[in-house]
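Chains as they are written, first to last, in my numbering: chain U, 559 to 994; chain Y, 559 to 994; chain E, 559 to 994; chain V, 559 to 994.
Honestly, the hints are just simulated from the structure, not real lab data. Misleading hints may appear alongside valid ones.
Intra- or inter-copy, both count: the list cannot distinguish identical chains.
Below, a list of computed lysine-lysine pairs in the BS3-like style, where the Cα atoms sit at most 25 Å apart [stated by the list, open to error]:
hint: 1; residue 1: K906; residue 2: K879
hint: 2; residue 1: K566; residue 2: K604
hint: 3; residue 1: K604; residue 2: K627
hint: 4; residue 1: K906; residue 2: K886
hint: 5; residue 1: K879; residue 2: K895
hint: 6; residue 1: K751; residue 2: K851
hint: 7; residue 1: K851; residue 2: K627
hint: 8; residue 1: K970; residue 2: K665
hint: 9; residue 1: K667; residue 2: K851
hint: 10; residue 1: K665; residue 2: K850
hint: 11; residue 1: K665; residue 2: K851
Next come the chains, spelled out residue by residue.
Number of protein chains: 4
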Amino acid sequence: MELNTTIKTLGTPEYLTPIHLSRSDTDNIYNYIDDDDRVLYDTSLKSFLKHQNENSVPVSFEKAGPREKLYFNLSKVKAGIVTCGGLCPGLNNVIRSLVMELWYRYKIKDIFGFRYGYEGLIPSYSHEPILLRPDMVNPIYLQGGSILGSSRGGQDVPEMVKYIKALGVNVLFCIGGDGTLRGARDISEEAEKIKYKLSIAAIPKTIDNDVNFIERSFGFETAVSKASSIIRDAHNEAYGAYNGIALIKLMGRDSGFIAAHTTLTNQGVNFVLVPEAPLKLDGDDGFLNRLKKRLERRHHAVIVVSEGAGQDLFKDLPVEKDASGNIKKHDIGIYLKERISGYFDEIKFPHNIRYIDPSYIIRSAPANANDSKLCSQLAQNAVHGALAGKTNFVVGLWNSQLVYLPIDLAVKERKKINLEGDLWWNVLEVTGQPNW
Amino acid sequence: MELNTTIKTLGTPEYLTPIHLSRSDTDNIYNYIDDDDRVLYDTSLKSFLKHQNENSVPVSFEKAGPREKLYFNLSKVKAGIVTCGGLCPGLNNVIRSLVMELWYRYKIKDIFGFRYGYEGLIPSYSHEPILLRPDMVNPIYLQGGSILGSSRGGQDVPEMVKYIKALGVNVLFCIGGDGTLRGARDISEEAEKIKYKLSIAAIPKTIDNDVNFIERSFGFETAVSKASSIIRDAHNEAYGAYNGIALIKLMGRDSGFIAAHTTLTNQGVNFVLVPEAPLKLDGDDGFLNRLKKRLERRHHAVIVVSEGAGQDLFKDLPVEKDASGNIKKHDIGIYLKERISGYFDEIKFPHNIRYIDPSYIIRSAPANANDSKLCSQLAQNAVHGALAGKTNFVVGLWNSQLVYLPIDLAVKERKKINLEGDLWWNVLEVTGQPNW
Amino acid sequence: MELNTTIKTLGTPEYLTPIHLSRSDTDNIYNYIDDDDRVLYDTSLKSFLKHQNENSVPVSFEKAGPREKLYFNLSKVKAGIVTCGGLCPGLNNVIRSLVMELWYRYKIKDIFGFRYGYEGLIPSYSHEPILLRPDMVNPIYLQGGSILGSSRGGQDVPEMVKYIKALGVNVLFCIGGDGTLRGARDISEEAEKIKYKLSIAAIPKTIDNDVNFIERSFGFETAVSKASSIIRDAHNEAYGAYNGIALIKLMGRDSGFIAAHTTLTNQGVNFVLVPEAPLKLDGDDGFLNRLKKRLERRHHAVIVVSEGAGQDLFKDLPVEKDASGNIKKHDIGIYLKERISGYFDEIKFPHNIRYIDPSYIIRSAPANANDSKLCSQLAQNAVHGALAGKTNFVVGLWNSQLVYLPIDLAVKERKKINLEGDLWWNVLEVTGQPNW
Amino acid sequence: MELNTTIKTLGTPEYLTPIHLSRSDTDNIYNYIDDDDRVLYDTSLKSFLKHQNENSVPVSFEKAGPREKLYFNLSKVKAGIVTCGGLCPGLNNVIRSLVMELWYRYKIKDIFGFRYGYEGLIPSYSHEPILLRPDMVNPIYLQGGSILGSSRGGQDVPEMVKYIKALGVNVLFCIGGDGTLRGARDISEEAEKIKYKLSIAAIPKTIDNDVNFIERSFGFETAVSKASSIIRDAHNEAYGAYNGIALIKLMGRDSGFIAAHTTLTNQGVNFVLVPEAPLKLDGDDGFLNRLKKRLERRHHAVIVVSEGAGQDLFKDLPVEKDASGNIKKHDIGIYLKERISGYFDEIKFPHNIRYIDPSYIIRSAPANANDSKLCSQLAQNAVHGALAGKTNFVVGLWNSQLVYLPIDLAVKERKKINLEGDLWWNVLEVTGQPNW
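Modelling step: build the complete structure from the supplied sequences, incorporating the hints.
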């Protein structure tokens with residue numbers, strides 16, 4: 559695997575950091591992180607032995623953390639924060655922790671909160687930025703959503719950079735999904751082109767947890783946790799009626815991680831349909847007949863379907879896109895509901911189906927404890943990296959450690975469930991469903 | 559107001575109750591309740607003075623509670639429990655408390671749990687009843703739904719009574735909505751006709767809280783509480799986008815109590831649309847223009863709509879009914895969403911609308927603490943009444959006390975929000991919305 | 559019963575209210591409330607008949623609500639808010655709703671939030687008041703506690719009134735327990751003495767729910783709900799060990815309402831010990847032997863004890879008081895734990911006891927949905943009453959309606975569990991415990 | 559580092575597994591796991607390079623998962639489950655998943671649930687084992703605790719093995735802490751000694767998360783999550799009083815993981831005191847003076863202390879042990895509370911301290927979503943390993959993968975917070991507290 563894992567920098571860091579750490583392993587004081595502190599991509603012994611034999615160096619990622627020297631003279635730093643795309647639990651925690659880290663650890667007092675995503679970087683929208691202070695952001699972690707607001711879609715890159723420069727912002731934190739990350743990269747490149755020293759640090763926001771080389775993105779666990787409660791109760795709907803069926807559509811445009819993990823938190827799910835696995839409805843071993851057999855045996859069934867599952871069932875229909883340029887998925891939830899009802903009506907099989915689509919209820923929730931912790935760590939390390947002059951990077955979790963990745967690597971392709979991997983096996987083991 | 563508030567009885571209670579209480583007010587022991595312990599319907603001083611002047615007796619309801627004499631010889635009692643209609647938080651609590659009260663207080667060990675509503679009383683469905691015991695029902699209050707299952711719609715009354723008699727069940731507890739209560743009354747009357755001594759006690763189940771002369775039905779407060787959290791987060795969806803609108807449809811087929819009370823728990827709602835209040839969409843003072851003004855001023859809005867609101871907007875469309883014979887409501891949520899989008903698109907007013915329909919998520923939840931208490935009190939008093947030989951009655955809450963009402967009175971008409979009353983005024987006070 | 563239920567006023571209301579209501583019952587517009595709209599104290603038919611026979615007028619309370627005329631010229635009103643005593647869920651909701659009602663409905667913009675209870679009314683403490691605005695209080699309902707802070711104990715009354723007058727505050731909202739209410743009354747009387755027109759509206763805060771003539775005080779239901787979850791899990795501690803005992807101390811200095819209601823929400827409690835009921839530990843029918851029998855039968859037991867229960871067990875010990883002048887209770891929880899262990903150790907009866915004291919965890923929680931609603935209604939009606947010139951009053955719930963009571967009536971004596979009443983009977987019915 | 563990471567086996571697995579998997583990487587079917595599939599201990603690039611240079615093989619752990627061959631003839635397998643020590647969230651989930659996996663995947667129907675820990679393996683206690691079936695364990699994950707009950711302390715090993723053999727149990731799952739694990743090892747060795755083929759699989763249960771070489775043990779995240787809510791509200795107690803101090807004692811006998819992680823989920827904590835870090839109370843830079851300075855600046859403070867922190871403050875007091883042989887910790891919470899009060903009283907510094915000890919409230923809670931998932935994975939892999947004939951092993955998480963470790967390795971020493979590591983640095987970064 560050939561991967562460019564090198565983080566870009568604005569130049570050589572020369573300024574002293576106000577954070578006092580050490581270089582000794584024996585003084586009980588944390589050490590500054592160096593750029594050659596790296597975390598292996600593959601942690602299997604087999605990979606080790608292969609590289610040892612071949613005398614090759616395996617892929618690894620730069621460890622995140624406080625550097626001994628900063629690129630920026632802190633007295634001249636102005637920071638900006640922007641949140642883009644759909645809501646995801648933890649946005650406010652990230653905003654809060656960025657402000658706290660900038661203010662208390664690096665003494666930066668000019669922190670602009672741009673409103674409504676990249677629109678806030680285009681003056682003609684007249685969305686005035688907010689000056690963020692600790693007292694203002696202190697309690698916001700109790701609320702879901704983003705106090706800055708958000709929007710979908712990109713904006714004119716030179717215009718944004720012009721405005722950023724005009725405000726004197728030299729460190730910009732962009733929180734968002736794929737499109738946002740590409741926008742952040744473009745902003746970074748445009749700034750380079752016009753020789754404006756701008757550090758761009760991105761924090762990937764994907765409730766679907768589908769960013770490549772990132773083990774777990776913030777908000778994902780909260781989503782699984784909320785979905786888990788909803789499925790626990792949906793099971794009651796299924797159980798409460800004769801041949802009752804609860805059909806729950808969960809987020810997951812291209813990857814079924816939320817559906818799969820939620821199933822593992824709650825052994826009451828009987829069928830999990832994800833984008834990665836083919837979905838066969840008809841025939842003796844098809845989903846519909848399997849569902850019938852399950853109902854005959856137990857008289858209730860719980861089905862979880864990712865929003866992006868079974869898209870090949872719609873392959874003859876025209877393609878539409880949303881404001882961010884994402885392909886609009888056909889609604890597999892509604893479609894399945896109708897196919898199930900139609901099938902059972904036709905064979906006069908009594909049944910009761912309940913369709914549940916909790917998307918916004920999940921997205922708008924506050925972060926749970928574990929996500930709050932992750933948000934705080936992501937934000938702190940985004941600040942460390944940016945002030946050290948790194949740019950065009952994301953911060954993420956890999957093998958339980960925080961690392962920096964080039965944006966290009968993170969957006970290269972989406973992470974998907976490996977149908978040969980542990981996760982999918984666990985799902986099959988728990989549900990007993992066939993591997994279509 | 560002429561109301562028949564007299565509870566029917568199977569005959570004179572003659573057996574001693576195993577519950578030891580007293581008849582003295584000074585021994586710190588609870589007293590047996592007599593049939594002439596009654597609770598006033600109207601608690602205003604004005605009503606008192608009017609009746610005093612007119613020398614008339616005001617309407618009152620029989621107080622629920624343990625009677626000194628029972629109609630049944632406990633050694634011969636077999637009890638049955640049936641849950642009907644859609645799910646509602648607390649069904650399992652009611653089942654649990656009925657079993658506990660019958661078993662531990664009255665030593666009744668033959669308790670049939672009929673499956674899937676009234677279907678379970680028709681042998682041809684082959685839904686075998688479950689024999690219920692304390693250890694089996696002990697932990698079920700942790701789950702929403704009904705462990706007995708439920709179904710909608712009525713069944714052949716003579717056939718049900720025949721089966722009840724064949725099983726030797728002489729005390730039947732029916733938990734369900736309007737249709738179920740009418741069915742319970744019919745069962746009671748059929749039993750009388752064939753001279754089978756059967757006591758029918760009903761516990762009204764209406765998540766909408768729309769049973770007449772019942773202050774609060776079980777599950778309602780849980781529904782409000784769950785809806786309140788959902789609206790708290792939906793507010794984040796609205797706030798998180800420019801001119802963001804969160805539109806939440808809540809239960810309430812004929813009465814807007816859930817929508818109104820939820821609004822009072824959470825001052826973030828801007829518009830509440832209920833079945834009782836006319837809904838005017840168009841014109842300067844219409845809802846759409848009011849919404850536009852709100853967005854211009856604050857750039858976000860939260861709208862709560864009862865499922866039965868604005869039905870006159872569909873008055874030219876044909877009427878459909880469900881299996882229980884309820885008129886199917888047109889989907890005001892989807893309709894409003896489209897009208898709002900259409901209106902703003904037409905005037906090119908930028909906006910972002912999110913539509914949230916949490917119905918099943920709310921119905922299938924376990925009861926909260928306060929509802930658990932109410933379920934337990936309803937069940938205990940249903941048992942006291944039934945074993946004293948009362949029949950064809952419901953147990954409910956009035957002026958914070960448990961009372962018995964004839965089923966006919968409870969189903970006479972639905973309770974609705976009084977647009978001149980405290981509740982609706984509180985809603986207007988909190989939202990500042992106009993009274994269309 | 560002779561009760562003075564008349565609310566004091568500063569003078570005749572003469573100013574028009576900005577709230578537009580009506581006087582007609584047929585226009586679907588709420589009507590202004592008049593001072594002779596009153597709610598009966600006793601709602602039993604027996605009470606009605608007695609008064610009808612005697613031709614006497616029963617006790618009733620003045621209904622709360624918006625009046626047609628105000629005493630104050632709104633352009634000259636300055637309001638103040640003070641929270642006193644220990645924390646209770648809902649304080650922030652009350653503060654928020656007071657501010658919203660004053661600001662949006664009555665257009666009052668000068669709202670002082672006094673810090674740290676009555677200390678904030680004494681200049682020498684140097685606790686500067688905060689100027690409260692809607693945007694500042696908007697999200698505070700998500701947090702427990704009081705954003706104003708609180709303190710226990712009284713302060714010099716003339717000094718407080720002098721400061722209030724110096725600030726120009728003419729409407730003061732006092733939120734607190736017994737001591738606070740007495741303080742509020744004293745402030746009101748001192749103002750009258752010096753002829754300063756000051757309206758004092760109090761909102762009783764007692765997590766114990768022990769204010770007389772008030773059905774339910776804010777925070778109580780949240781406390782029961784939190785305690786209910788804790789007991790649900792404590793049951794696991796008891797069940798998880800051989801002869802496991804979970805002993806939970808709940809709030810309730812003089813009244814056992816929290817312990818009793820929590821028990822009704824959760825049928826897993828075996829013994830409830832409250833201040834109102836004598837507690838006999840020793841002897842064959844004493845608590846200790848009963849507990850032993852329960853353990854022999856089921857091998858686990860859950861005990862709930864109010865903090866003020868069994869105080870006569872300490873009657874030979876000296877009396878101590880806290881800063882508010884409340885008598886310090888001896889710690890019945892610790893005492894019971896030691897007595898139980900001692901008893902079982904002595905008779906060599908294997909057992910495992912876990913003692914749980916969740917007091918602060920409950921007090922500091924945010925209000926649940928139902929309490930949020932109540933807080934909002936209390937605050938709105940406190941404002942209506944105060945601006946109409948009423949003073950020296952509390953607002954509270956009676957028979958599900960909001961009423962005004964003179965402070966003197968509310969603090970006359972504490973509300974206690976009636977051992978002959980429905981509540982205690984329900985507790986005995988659920989637990990099966992003897993009535994010591 | 560020299561570590562024995564080899565798992566013992568009862569003999570060569572020869573029976574076919576009923577689980578159909580594959581050996582191909584391209585058929586979208588999960589592959590059987592082989593014993594040489596291993597996970598690296600150290601995932602840093604630096605460690606890789608060192609081993610590459612030295613041509614040495616790094617430490618690695620055997621990957622858990624379904625093996626192609628089983629040691630046992632499934633038709634003759636009887637399984638047993640025992641839970642020991644204090645409660646921990648997830649015990650019921652583990653029991654449930656063990657039963658489900660044994661029953662549905664391996665068709666084993668004889669599953670004994672031993673009562674009250676190792677006592678259940680000693681006939682003289684007369685704790686009859688329960689025969690576990692899927693319908694019985696299905697809903698237990700909704701409850702905290704252990705349906706089997708638990709006890710502390712060891713029992714006579716030969717006697718236990720004799721009983722196990724007499725019952726014909728050949729696969730035993732032991733869930734518990736250090737002492738339990740050592741007991742499980744002893745049982746395994748005794749069985750070997752008497753040549754009884756018994757597979758012992760252990761699932762480490764430590765709410766403190768202090769098992770060596772195990773990244774995260776079940777229940778830990780639930781504990782952090784519960785503690786996080788409690789601290790969120792405790793902050794209200796601190797904030798609500800002038801110079802208010804909330805002092806919360808959390809679990810952590812030898813390791814401060816719960817305290818540290820909880821702090822990271824909730825940036826409101828000001829001081830975290832853990833067993834690993836020295837605690838200096840007195841002097842200018844001591845804790846007490848630092849606390850005073852914090853209060854002077856902000857007037858409230860939140861302190862989290864692990865139960866095992868500051869034990870050297872008690873070094874002159876005698877050592878006591880509990881039934882499991884664990885050294886009883888002196889109560890640092892009570893001690894600190896008294897020292898803080900004493901210090902401030904002495905210097906007449908006004909303050910209000912609240913002490914909160916939520917231990918049992920946390921231990922008895924049901925597992926959260928993420929822990930439920932982990933419990934299910936641990937149980938499934940314990941079954942796979944045991945039926946393949948592995949014994950004397952634990953299953954745990956390392957670098958986000960499930961691995962098998964010899965019990966001896968797991969109990970070698972406790973995992974502790976590395977004061978030079980990321981976690982402690984994150985704590986210092988968030989709290990700003992000094993590194994005493």
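Verification of the supplied hints:
1. K906 / K879: Classified as between: cross-chain Cα gap 20 Å, same-chain 39 Å, threshold 25 Å.
2. K566 / K604: Intra 31 Å, inter 22 Å, cutoff 25 Å: inter-copy only.
3. K604 / K627: Classified as between: cross-chain Cα gap 22 Å, same-chain 37 Å, threshold 25 Å.
4. K906 / K886: Classified as between: cross-chain Cα gap 23 Å, same-chain 34 Å, threshold 25 Å.
5. K879 / K895: both (24 Å within a copy, 20 Å between copies)
6. K751 / K851: Neither. Shortest intra-copy (63 Å) and inter-copy (44 Å) distances fail the 25 Å Cα cut-off.
7. K851 / K627: Classified as neither; 65 Å inside a copy, 31 Å across copies.
8. K970 / K665: The answer is neither: 35 Å in one copy and 45 Å across copies each exceed 25 Å.
9. K667 / K851: between (64 Å within a copy, 23 Å between copies)
10. K665 / K850: between (64 Å within a copy, 23 Å between copies)
11. K665 / K851: Between copies, since 20 Å is at most 25 Å while 65 Å is not.
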